[in-house]
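Protein chains: 2
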Amino acid sequence: MEEIIEPRNLRGFRDSLPETESRKLDIQEKLTRVFRSFGFVPIDTPAIEYAEILLGKGGGETDKQVYRFLDHGQRDVALRFDLTVPFARFMAAHYHELPLPFKRYHMAKVWRGENTQRGRYREFIQIDFDIVAVDSVSSDFEIMTVMAESMRALGIRAFHVHFSHRHLFNELLQTMRLDGQFLPVLRIIDKLKKIGAEQVQSQLDELAGEKHAREILDFITAGASNRGTLEKLASRLSDDSPAIARLRSICRCIEDCGLEQELFLDPSITRGLDYYTGVVFETFLDRAPDIGSVCSGGRYNDLASLYTKEQLPGVGASIGLDRLVSALEDLGVAGDQKTAPEILIVLLDEALVGACHKLAAALRSSGLSAEIYPSEKKIPVQLKYAEKKGIPLAIFYGEDEMEKDIYNLRDLQQRQNHDGLSFPQLLERISELLSRSGKM
Amino acid sequence: MEEIIEPRNLRGFRDSLPETESRKLDIQEKLTRVFRSFGFVPIDTPAIEYAEILLGKGGGETDKQVYRFLDHGQRDVALRFDLTVPFARFMAAHYHELPLPFKRYHMAKVWRGENTQRGRYREFIQIDFDIVAVDSVSSDFEIMTVMAESMRALGIRAFHVHFSHRHLFNELLQTMRLDGQFLPVLRIIDKLKKIGAEQVQSQLDELAGEKHAREILDFITAGASNRGTLEKLASRLSDDSPAIARLRSICRCIEDCGLEQELFLDPSITRGLDYYTGVVFETFLDRAPDIGSVCSGGRYNDLASLYTKEQLPGVGASIGLDRLVSALEDLGVAGDQKTAPEILIVLLDEALVGACHKLAAALRSSGLSAEIYPSEKKIPVQLKYAEKKGIPLAIFYGEDEMEKDIYNLRDLQQRQNHDGLSFPQLLERISELLSRSGKM
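Protein chains in written order, with the working numbering: chain A, 5 to 444; chain B, 5 to 444.
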């Protein structure tokens with residue numbers, strides 16, 4: 005007897021079983037439809053790249069998490085840890101052959117050797133969409149509408165896209181002569197949703213003094229309406245503030261499109277990364293606030309400066325598929341995925357295998373999904389299989405039925421038989437039963 | 005000035021640009037529909053696994069090609085090089101929680117450090133589908149019908165699934181008392197399509213003598229019909245041959261379902277791998293014979309014997325997506341992929357950004373795809389963008405039109421204007437123009 009190898013996964017890696025995998029694919033399909041309806045096109049990049057490309061200047065926290073190794077040719081390579089860096093390299097390599105501005109979406113796996121004790125996984129799917137080679141109100145606003153439309157397409161009604169502009173703070177701190185404290189202030193503000201206003205105030209007190217701390221906290225508190233918030237912000241900054249001008253134009257688009265209920269100007273949004281230079285956004289689900297932002301992004305000045313002298317400003321956002329799946333499950337809108345076909349043809353007689361396959365093909369031509377139990381076993385075994393797989397209907401088609409050209413249909417959920425049907429009657433009855441059980 | 009990093013890919017790795025990526029996604033979508041209509045369900049497994057799991061007993065040619073390295077925890081890990089080994093591990097880990105027999109499909113990237121001089125790539129997408137935990141005529145036949153249905157779904161009309169049974173040779177060589185020469189004979193036969201009958205005969209001469217060589221060559225030559233081939237094979241083997249019995253049942257299914265033109269009994273098919281133990285199949289495109297088999301597989305005795313004592317016989321096949329894309333391109337059925345949206349809204353005035361987005365949203369609610377040029381540039385620049393992206397229609401909607409509540413539509417392919425349309429007229433005209441150009 006040979007030794008058995010334990011069929012285990014690496015820590016932080018999971019198999020995706022049919023139900024979960026169907027959910028993930030369903031989400032990707034719905035988002036694909038949204039992206040395409042806005043004119044975004046799909047791309048893909050290799051999972052493995054030169055480490056030099058992926059790590060760039062390097063030195064960040066991410067570096068330690070990157071899967072990096074020497075390949076067969078002793079090249080220093082790594083697995084991608086996000087979809088932004090490969091996109092930057094992609095744009096530097098291909099911008100001359102693409103229609104510019106370029107709108108792409110990319111759904112793919114990324115890998116990070118994160119600490120699994122915090123419930124993190126080391127392999128996950130990211131969904132990114134960006135508009136590059138343009139800096140405009142329209143593209144800022146478009147990314148926000150794609151975010152909103154994506155949530156709607158997934159059946160999420162109660163959500164808010166919170167947005168702000170990264171330069172508001174630069175301008176505010178300038179008026180306070182606190183320009184030098186920009187990043188520390190930002191880092192404190194960024195913790196607002198986690199640690200609360202009181203904690204933020206006390207940390208700001210230490211950094212900037214009590215008066216400024218109060219002013220900053222007031223500044224980042226959103227008003228009842230976008231317009232109100234905007235005017236409050238404007239009153240604190242100089243008349244020709246470019247950040248206010250951009251936000252004003254965006255707010256006007258929001259009003260023109262009647263999206264005030266969904267797109268919410270929230271000056272407390274900063275996004276931690278130095279990377280962003282204009283609008284920034286995060287998306288929260290009203291009924292699952294603890295899960296944090298399910299779709300975030302912003303505007304950047306120059307996507308691919310590491311790889312090309314061509315300046316490529318852009319705006320984009322990213323969805324973490326795994327977090328989104330959890331959120332949908334929590335909200336009960338993940339849906340009962342159609343992992344199962346609609347019909348099981350019970351195999352009553354090995355001699356009828358061909359006839360059963362012919363019947364299955366006829367059902368499929370009518371747009372149904374059907375499978376045949378693959379060997380002649382006792383009927384209870386076959387029906388148990390249907391139950392375990394979640395197949396709602398079974399057809400019994402033996403020699404007798406074949407001779408008389410009739411079909412016996414069983415509704416496995418209602419435990420009800422519909423016998424002696426002609427083929428057209430069979431199709432009709434199937435369609436009735438499926439629409440009744442909400443399967444069609 | 006900082007130094008620029010050259011935005012290059014690793015040898016053997018490619019970016020997938022929008023047109024190619026759309027083609028790949030389109031194929032995957034069509035195949036998904038086929039698999040689901042037969043009751044196959046999707047799974048996924050991690051890209052990275054313990055090297056011990058992926059390489060098993062190891063020592064094969066594949067081992068040298070595997071991307072293998074130490075992870076952050078100094079674990080010996082590797083990237084998957086096919087979807088069969090991870091599936092075996094998956095089944096060993098999960099068979100008790102799955103409905104058995106289990107029918108899965110899996111579309112995912114695999115990596116092999118192959119010699120790129122032979123035009124091979126090191127990252128490619130495989131599409132596998134299997135039925136495990138059953139050994140039956142119905143499941144053998146089902147995999148063949150899925151192969152045929154997949155080709156049809158991709159618009160390929162002229163194809164043949166060639167099939168045979170791996171035990172035919174064992175039985176034939178037994179009658180010749182050449183059992184010991186099984187693998188060498190198989191290896192020579194396997195080269196038939198590459199080196200031709202004459203070369204095969206001369207190599208067989210050396211191995212088995214002229215008489216046997218002639219008999220073997222005659223044995224593997226298919227007749228005009230499946231029935232004829234079957235009877236010829238049967239006449240050479242013992243009456244109770246299990247291989248002939250299985251093939252006879254499969255041929256009966258083929259006749260019952262009227263698939264004689266597509267599923268072709270071809271005793272020269274052997275499949276190189278020791279792995280297979282029953283039926284084997286390959287799929288050839290009549291009009292692209294040089295490309296070789298685009299979908300191959302067979303029956304195996306025991307999928308997961310390395311990882312569990314549970315015996316899991318099965319049957320399955322695998323499609324190489326990249327090879328299939330080339331084949332479809334060669335055949336001219338790859339299709340003009342809808343990488344572009346249907347409508348570009350020309351941005352005539354920055355003040356109208358919101359109104360243009362509102363119009364785009366209305367078009368999308370009507371099931372159309374529409375984008376707005378993202379900044380106010382000269383009209384020729386905007387139309388040039390539409391042309392480069394392949395957008396067929398443009399809408400001009402300025403202040404004047406907004407006031408009069410009308411829309412000017414331009415057919416960019418016919419260079420024809422349709423001006424002064426109301427919104428319902430606009431929708432109607434768009435639908436006419438798109439159906440005329442075959443875009444809907």
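Derived from the structure by calculation, the hints contain no laboratory data. C-beta atoms are modelled at their ideal positions from N, C-alpha and C, and glycine is treated no differently. Don't take each hint at face value.
Simulated pairs of lysine to any residue, SDA-like, Cα-Cα distance not exceeding 25 Å [to be verified]:
| no. | chain 1 | residue 1 | chain 2 | residue 2 |
| --- | --- | --- | --- | --- |
| 1 | A | K362 | B | V329 |
| 2 | A | K113 | B | V329 |
| 3 | A | K113 | B | K198 |
| 4 | B | K113 | A | D80 |
| 5 | B | K197 | B | D222 |
| 6 | A | K362 | B | R156 |
| 7 | A | K388 | A | L325 |
| 8 | A | K388 | B | K198 |
| 9 | B | K381 | A | G282 |
| 10 | B | K198 | B | K113 |
| 11 | A | K28 | B | R40 |
| 12 | A | K113 | A | Y279 |
Not everything, but these chain B residues come out facing chain A in the computed CB check (under 8 Å) [said to hold, decoys possible]:
| no. | residue |
| --- | --- |
| 13 | D30 |
| 14 | T49 |
| 15 | G60 |
| 16 | A249 |
| 17 | R250 |
| 18 | R252 |
| 19 | Q265 |
Hint-by-hint comparison with the structure:
Using a Cα cut-off of 25 Å, the hinted pair K362 of chain A and V329 of chain B is violated, with the two alpha carbons roughly 30 Å apart. Taking the CA atoms of K113 of chain A and V329 of chain B, the gap is about 22 Å. The hint holds against a cut of 25 Å. At most 25 Å may separate the alpha-carbon atoms for a hinted pair to count; K113 of chain A and K198 of chain B exceed this at roughly 38 Å. Of the pairs offered as hints, the one joining K113 of chain B and D80 of chain A holds, with about 21 Å between alpha carbons and a cut-off of 25 Å not exceeded.
The straight-line distance between the Cα atoms of K197 of chain B and D222 of chain B is roughly 15 Å, inside the 25 Å bound, and the hint therefore holds. For the suggested pair K362 of chain A and R156 of chain B, the alpha carbons sit about 17 Å apart, so the restraint of at most 25 Å is met. A distance of roughly 33 Å separates the Cα atoms of K388 of chain A and L325 of chain A; the hinted pair therefore is violated under the 25 Å criterion. The hinted pair formed by K388 of chain A and K198 of chain B fails the criterion: a straight-line CA distance of about 48 Å is larger than 25 Å.
Of the supplied pair hints, the one linking K381 of chain B and G282 of chain A holds, its CA atoms being roughly 21 Å apart against a limit of 25 Å. For a cut-off of 25 Å, the pair hint linking K198 of chain B to K113 of chain B is broken: about 28 Å separates their Cα positions. For the hint linking K28 of chain A to R40 of chain B, the alpha-carbon distance of about 15 Å falls within 25 Å, and the restraint holds. Restraint check: the Cα-Cα separation between K113 of chain A and Y279 of chain A comes to about 22 Å, which is no more than 25 Å; the hinted pair holds.
Evaluation of the D30 of chain B hint against chain A yields a violated restraint, the C-beta minimum of about 10 Å exceeding 8 Å. For T49 of chain B, the interface hint holds, since its Cβ comes within 8 Å of a Cβ in chain A; the closest pair sits about 5 Å apart. For G60 of chain B, the suggested interface contact is upheld, since its CB lies about 7 Å from the closest CB of chain A, less than 8 Å. Of the supplied interface hints, the one on A249 of chain B is violated, with its beta-carbon coming no nearer than about 12 Å to a beta-carbon of chain A, more than 8 Å.
Evaluation of the R250 of chain B hint against chain A yields a violated restraint, the C-beta minimum of about 12 Å exceeding 8 Å. Contact between R252 of chain B and chain A, as hinted, is not supported at the beta carbon level, the nearest pair being about 12 Å apart and thus beyond 8 Å. A cut of 8 Å between beta carbons decides the hint on Q265 of chain B: the least distance to chain A is about 15 Å, and the hint is violated.
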